[in-house]
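K.L.:
Sequence:
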Amino acid sequence: MNKVLFFAHLRDAVGSEFLSVEAGGKTVAELKAELAAKYDLPLIETVMTAINEEFAPNDEVIRDGDEIAFIPPVSGG
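Numbered according to the numbering used here, the sequence shown spans residues 1006 to 1082.
Certain hints may be false.
Cross-link-like lysine to aspartate or glutamate pairs, in silico, EDC-like; alpha carbons within 20 Å at most [to be verified]: (1) LYS1031 x ASP1017; (2) LYS1031 x GLU1050; (3) LYS1008 x GLU1072; (4) LYS1008 x ASP1071; (5) LYS1008 x ASP1064; (6) LYS1008 x GLU1059; (7) LYS1008 x GLU1065; (8) LYS1043 x GLU1027; (9) LYS1008 x GLU1027; (10) LYS1008 x GLU1022; (11) LYS1043 x GLU1059; (12) LYS1043 x GLU1058; (13) LYS1037 x ASP1064; (14) LYS1031 x ASP1064; (15) LYS1031 x GLU1059; (16) LYS1031 x ASP1071; (17) LYS1008 x ASP1069; (18) LYS1037 x GLU1058; (19) LYS1037 x GLU1072; (20) LYS1008 x GLU1058; (21) LYS1008 x ASP1045; (22) LYS1008 x GLU1039; (23) LYS1008 x GLU1050; (24) LYS1043 x ASP1017; (25) LYS1031 x GLU1058; (26) LYS1037 x ASP1071; (27) LYS1037 x GLU1027; (28) LYS1031 x GLU1072; (29) LYS1008 x GLU1035; (30) LYS1031 x GLU1065; (31) LYS1031 x ASP1069; (32) LYS1037 x GLU1059.
Quick list of the computed label-pair ranges, beta carbon to beta carbon [unchecked claim]: (33) GLY1030 x VAL1079: 26 to 34 Å; (34) PRO1078 x ASP1045: 28 to 36 Å; (35) PHE1012 x GLU1039: 17 to 25 Å; (36) GLU1022 x LEU1048: 25 to 33 Å; (37) VAL1079 x GLY1029: 17 to 25 Å; (38) GLY1030 x LEU1010: 24 to 32 Å.
In case anyone wonders, no lab produced these hints; they're calculated from the structure.
Using N, Cα and C, we set each Cβ at its ideal position, and we do this for glycine too.
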């Protein structure tokens, strides 16, 4: 089981700060596609992904027990 954290507009789209999902053995890209289809997540392909608080590329394989965070780009001034 994996804890998936959502920030900003993704949290609003999912309706929760986090979900518990079975993501072990999937790549980041596969998990993004699965969540995008299930929750109609806007622009999830543009968000940064962190696994266990370390940024991870789309081809990174998720292990059971990893914590995944999806972090949209931010702007400021």
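K.L.:
With reference to the structure, classify each hint as holding or not holding.
P.N.:
Verification of the supplied hints:
1. LYS1031 x ASP1017: This hinted pair is violated, its Cα atoms lying about 24 Å apart.
2. LYS1031 x GLU1050: OK: LYS1031 and GLU1050 at ~16 Å, within 20 Å.
3. LYS1008 x GLU1072: The given pair, whose Cα atoms are some 5 Å apart, holds under the 20 Å limit.
4. LYS1008 x ASP1071: holds, 7 Å
5. LYS1008 x ASP1064: holds, 19 Å
6. LYS1008 x GLU1059: holds, 15 Å
7. LYS1008 x GLU1065: Satisfied, since the Cα-Cα distance of roughly 16 Å is no more than 20 Å.
8. LYS1043 x GLU1027: It holds: about 14 Å lies between the C-alpha atoms, which stays within 20 Å.
9. LYS1008 x GLU1027: holds, 9 Å
10. LYS1008 x GLU1022: holds, 10 Å
11. LYS1043 x GLU1059: Distance of about 25 Å is beyond 20 Å: violated.
12. LYS1043 x GLU1058: Status violated; Cα separation ~24 Å.
13. LYS1037 x ASP1064: Status holds; Cα separation ~11 Å.
14. LYS1031 x ASP1064: holds, 9 Å
15. LYS1031 x GLU1059: holds, 17 Å
16. LYS1031 x ASP1071: Distance ~11 Å between LYS1031 and ASP1071 Cα, so the pair holds.
17. LYS1008 x ASP1069: Cα-Cα ~10 Å, so holds.
18. LYS1037 x GLU1058: Holds, because 17 Å separates the two Cα atoms, which is no more than 20 Å.
19. LYS1037 x GLU1072: holds, 14 Å
20. LYS1008 x GLU1058: holds, 12 Å
21. LYS1008 x ASP1045: holds, 19 Å
22. LYS1008 x GLU1039: The hint holds at about 15 Å.
23. LYS1008 x GLU1050: Given that 20 Å is the threshold and the Cα spacing comes to 19 Å, the pair holds.
24. LYS1043 x ASP1017: holds, 14 Å
25. LYS1031 x GLU1058: holds, 18 Å
26. LYS1037 x ASP1071: Answer holds: LYS1037 to ASP1071 is near 15 Å, not above 20 Å.
27. LYS1037 x GLU1027: Status holds; Cα separation ~13 Å.
28. LYS1031 x GLU1072: The given pair, whose Cα atoms are some 13 Å apart, holds under the 20 Å limit.
29. LYS1008 x GLU1035: holds, 16 Å
30. LYS1031 x GLU1065: holds, 8 Å
31. LYS1031 x ASP1069: Cα-Cα ~10 Å, so holds.
32. LYS1037 x GLU1059: holds, 17 Å
33. GLY1030 x VAL1079: 26 to 34 Å: holds, 31 Å
34. PRO1078 x ASP1045: 28 to 36 Å: Given about 19 Å between the Cβ atoms, the range is violated.
35. PHE1012 x GLU1039: 17 to 25 Å: Holds, at about 18 Å.
36. GLU1022 x LEU1048: 25 to 33 Å: violated, 19 Å
37. VAL1079 x GLY1029: 17 to 25 Å: The hint (17 to 25 Å, Cβ to Cβ) is violated, given that VAL1079 and GLY1029 are roughly 29 Å apart.
38. GLY1030 x LEU1010: 24 to 32 Å: violated, 20 Å
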